[in-house]
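Here are the chains, one letter per residue:
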Amino acid sequence: MLLGEFEYLMLTAAARLGNEAYGAAIRQEIEDATGTACSIGALYTTLDRLEDKGLIKTWMGDPTPERGGRPKRMVRITPKGIDAATSFYNAVRRVSRGVAWAKS
Amino acid sequence: MGEVVTRIGCVLADLTAQLLESHEREAVRGDLAECGVGGWRAFREVLGLVLRRQAGLWTEWRPWLALVAVVLPLGILLSHASRSWADSSALDVSLYLRLWDWSYLEYPGWRRDLFRAVWSMGLSATALSVWSWTCGYMLASVSRRTVWVAVIAFALVVFLATLGSTTVARITHDKFAGHFYGVVLPRLFRTAFVMLPLLWGIHSRRKGVIRPTTLFLGAVVVITLTVLKSPGLENSLVWGRGLWGEAGPDRTFGTSDDPRPLWPVALVMLWPTAYILATALPTRPRRFDAA
Numbered sequence: 001m002l003l004g005e006f007e008y009l010m011l012t013a014a015a016r017l018g019n020e021a022y023g024a025a026i027r028q029e030i031e032d033a034t035g036t037a038c039s040i041g042a043l044y045t046t047l048d049r050l051e052d053k054g055l056i057k058t059w060m061g062d063p064t065p066e067r068g069g070r071p072k073r074m075v076r077i078t079p080k081g082i083d084a085a086t087s088f089y090n091a092v093r094r095v096s097r098g099v100a101w102a103k104s
Numbered sequence: 001m002g003e004v005v006t007r008i009g010c011v012l013a014d015l016t017a018q019l020l021e022s023h024e025r026e027a028v029r030g031d032l033a034e035c036g037v038g039g040w041r042a043f044r045e046v047l048g049l050v051l052r053r054q055a056g057l058w059t060e061w062r063p064w065l066a067l068v069a070v071v072l073p074l075g076i077l078l079s080h081a082s083r084s085w086a087d088s089s090a091l092d093v094s095l096y097l098r099l100w101d102w103s104y105l106e107y108p109g110w111r112r113d114l115f116r117a118v119w120s121m122g123l124s125a126t127a128l129s130v131w132s133w134t135c136g137y138m139l140a141s142v143s144r145r146t147v148w149v150a151v152i153a154f155a156l157v158v159f160l161a162t163l164g165s166t167t168v169a170r171i172t173h174d175k176f177a178g179h180f181y182g183v184v185l186p187r188l189f190r191t192a193f194v195m196l197p198l199l200w201g202i203h204s205r206r207k208g209v210i211r212p213t214t215l216f217l218g219a220v221v222v223i224t225l226t227v228l229k230s231p232g233l234e235n236s237l238v239w240g241r242g243l244w245g246e247a248g249p250d251r252t253f254g255t256s257d258d259p260r261p262l263w264p265v266a267l268v269m270l271w272p273t274a275y276i277l278a279t280a281l282p283t284r285p286r287r288f289d290a291a
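Protein sequences, first through last, are from chains A and H.
Note that the working numbering numbers the first sequence so that position 79 is 79, with each residue one more than the last.
Note that the working numbering numbers the second sequence so that position 26 is 26, with each residue one more than the last.
Everything labelled a hint here was simulated from the structure, so no lab data went into it.
Glycine included, every Cβ here is placed at the ideal spot set by N, Cα and C.
There may be inaccurate statements among the hints.
Here are the simulated distance ranges between beta carbons [unchecked claim]:
id: 1; chain 1: H; residue 1: T279; chain 2: A; residue 2: D52; range: 22 to 32 Å
id: 2; chain 1: H; residue 1: I210; chain 2: A; residue 2: D48; range: 30 to 40 Å
id: 3; chain 1: H; residue 1: L51; chain 2: A; residue 2: P63; range: 54 to 64 Å
id: 4; chain 1: A; residue 1: R49; chain 2: H; residue 2: R62; range: 15 to 25 Å
id: 5; chain 1: H; residue 1: D14; chain 2: A; residue 2: Q28; range: 51 to 61 Å
id: 6; chain 1: H; residue 1: L196; chain 2: A; residue 2: R49; range: 50 to 60 Å
id: 7; chain 1: H; residue 1: I152; chain 2: A; residue 2: E66; range: 53 to 63 Å
id: 8; chain 1: H; residue 1: R7; chain 2: A; residue 2: A15; range: 37 to 47 Å
id: 9; chain 1: A; residue 1: S87; chain 2: H; residue 2: L65; range: 34 to 44 Å
id: 10; chain 1: H; residue 1: V118; chain 2: A; residue 2: P63; range: 31 to 41 Å
id: 11; chain 1: A; residue 1: Q28; chain 2: H; residue 2: T6; range: 35 to 45 Å
id: 12; chain 1: A; residue 1: P63; chain 2: H; residue 2: L156; range: 24 to 34 Å
id: 13; chain 1: A; residue 1: D48; chain 2: H; residue 2: R62; range: 46 to 56 Å
Stretches of chain H that chain A covers, calculated by requiring three or more beta carbons in the stretch to come under 8 Å of a beta carbon on chain A [said to hold, decoys possible]:
id: 14; region: 64–73
id: 15; region: 107–120
If you only want the chain A side, here are some residues facing chain H, beta carbon under 8 Å, derived [stated by the list, open to error]:
id: 16; residue: A24
id: 17; residue: G41
id: 18; residue: T45
id: 19; residue: K57
id: 20; residue: R70
id: 21; residue: R76
id: 22; residue: K80
id: 23; residue: F88
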């Protein structure tokens, strides 16, 4: 299964965050990495798509005061998600061999 | 001023978020609060998600069923009926307001005419309201998550479907009265006796399923009203859209002996009632469902 680039970014952010992976944190990771804004719409619809594909699991976490007492949508990458992200990463490395921007 | 504008953006974001499922709404609002996103940016973000969600829902068949089976056909019929009955009510209202004298109540003929006028207007308003309520109930049953898009589409159909059509009952005695009875009154009719009952039907469905006894009695009322008002419903199309047919044995078109080729439109008005009854009937458990 070949991922889309935004799907890869989300899987990678979720894997890096581990137990602290949830909507706002993933959004911040992606914005820090890409330098561009990440919309809530793209984030949540992609979470649904990844969950439908079995690449992540999500559930509603506990509310916190800094969120105005509202719950978080927690995210955990599945083994199938790890495989998909690995395949994408390896494919990008293979296809980028020898190109100018990959040498730096 | 800037604070006011920001506050408006926040209010719009909260209102738009109501179109999301409750668990997602809370998570999204929490994420935006945690990221310090407010005002118009929050509104844009929430709106973007709502539009994506709605677009996804329309890839299923249910919203299209609601559109094709309820919004378009019943919206068009209710549009013509409400405009036609507003116009005919306008004649009675205008005459009584302009010519009213309390001494008229002493005369049996005037009292009969007043009763006729009130009865006719009341029946029209009740029929419109009941039909619209069943439409709202059915819309909320068939496609809960796209019901508000369906309501907007329904309103557009109801208020615009009579464009290019006409009616024979128009008050033209002076500018104000002509504008009020010809333009404002039909819109008031449509708002009060179509859109508000439609919203009430949606609200009723969301509160929970109505008991079968109540539904059955309601169905009797709807069928009775439809039988009583079906000639008027057909006439709103005939006179509004110029769908002239043949005259009856008296060779005069527009009298009660004319053939009624449009009689099936009454059945269209009963679709939502039939659907509501069918879905309310208890189903027997199937053998393989037995636990």
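Each hint, compared with the structure:
1. Checking the proposed 22 to 32 Å range against T279(H) and D52(A) shows it holds: the Cβ atoms sit about 29 Å from each other.
2. I210(H) and D48(A) have their C-beta atoms about 33 Å apart, which keeps the hinted 30 to 40 Å range intact.
3. Distance hint check for L51(H) and P63(A): the Cβ-Cβ separation is about 27 Å, which falls outside the suggested range of 54 to 64 Å.
4. As the Cβ distance of R49(A) to R62(H) is approximately 21 Å, the hint placing it in 15 to 25 Å holds.
5. Checked against the hint of 51 to 61 Å, the pair D14(H) and Q28(A) fails, with Cβ atoms roughly 23 Å apart.
6. A hinted range of 50 to 60 Å is violated for the C-beta pair L196(H) and R49(A), which are about 39 Å apart.
7. Between I152(H) and E66(A) the CB atoms are about 36 Å apart, so this pair departs from the stated range of 53 to 63 Å.
8. Evaluation of the 37 to 47 Å hint for R7(H) and A15(A) yields a pass: the beta carbon distance comes to about 39 Å.
9. About 40 Å separates the C-beta atoms of S87(A) and L65(H), a value consistent with the hinted range of 34 to 44 Å.
10. The supplied range of 31 to 41 Å is broken by V118(H) and P63(A), whose beta-carbon atoms lie about 56 Å from each other.
11. At roughly 22 Å, the beta-carbon separation of Q28(A) and T6(H) lies outside the given 35 to 45 Å, and the hint is violated.
12. Remark: the range hint 24 to 34 Å for P63(A) to L156(H) is contradicted by a beta-carbon distance near 40 Å.
13. For D48(A) and R62(H), the hinted distance range of 46 to 56 Å is not satisfied, since their beta carbons lie about 18 Å from each other.
14. Using a Cβ-Cβ cut-off of 8 Å, 0 residues of the region 64–73 of chain H lie near chain A, which falls short of the minimum of three, so the contact claim is violated.
15. Residues of the region 107–120 of chain H lying with their CB closer than 8 Å to a CB of chain A number 0, which falls below the three-residue condition for coverage.
16. The criterion of a C-beta within 8 Å of any C-beta in chain H is met by A24(A), whose closest approach is roughly 4 Å, and the hint holds.
17. Below 8 Å, beta-carbon pairs count as interface contacts, and G41(A) has one with chain H at about 4 Å; its hint therefore holds.
18. Taking 8 Å as the C-beta cut-off, the interface hint given for T45(A) holds, the closest approach to chain H being about 5 Å.
19. Restraint check, K57(A) versus chain H: the minimum CB separation of about 15 Å is more than 8 Å; hint violated.
20. This hint holds: R70(A) has a C-beta 3 Å from the nearest C-beta of chain H, less than the 8 Å allowed.
21. The interface hint given for R76(A) is broken, as the beta carbon of that residue sits about 15 Å from the closest beta carbon of chain H, more than 8 Å.
22. Annotation: interface hint on K80(A) violated; nearest CB of chain H at approximately 23 Å, more than 8 Å.
23. At a threshold of 8 Å, the smallest CB-CB gap from F88(A) to chain H is about 23 Å, leaving the interface hint violated.
Hint violations for this structure: numbers 3, 5, 6, 7, 10, 11, 12, 13, 14, 15, 19, 21, 22 and 23, all remaining hints satisfied.
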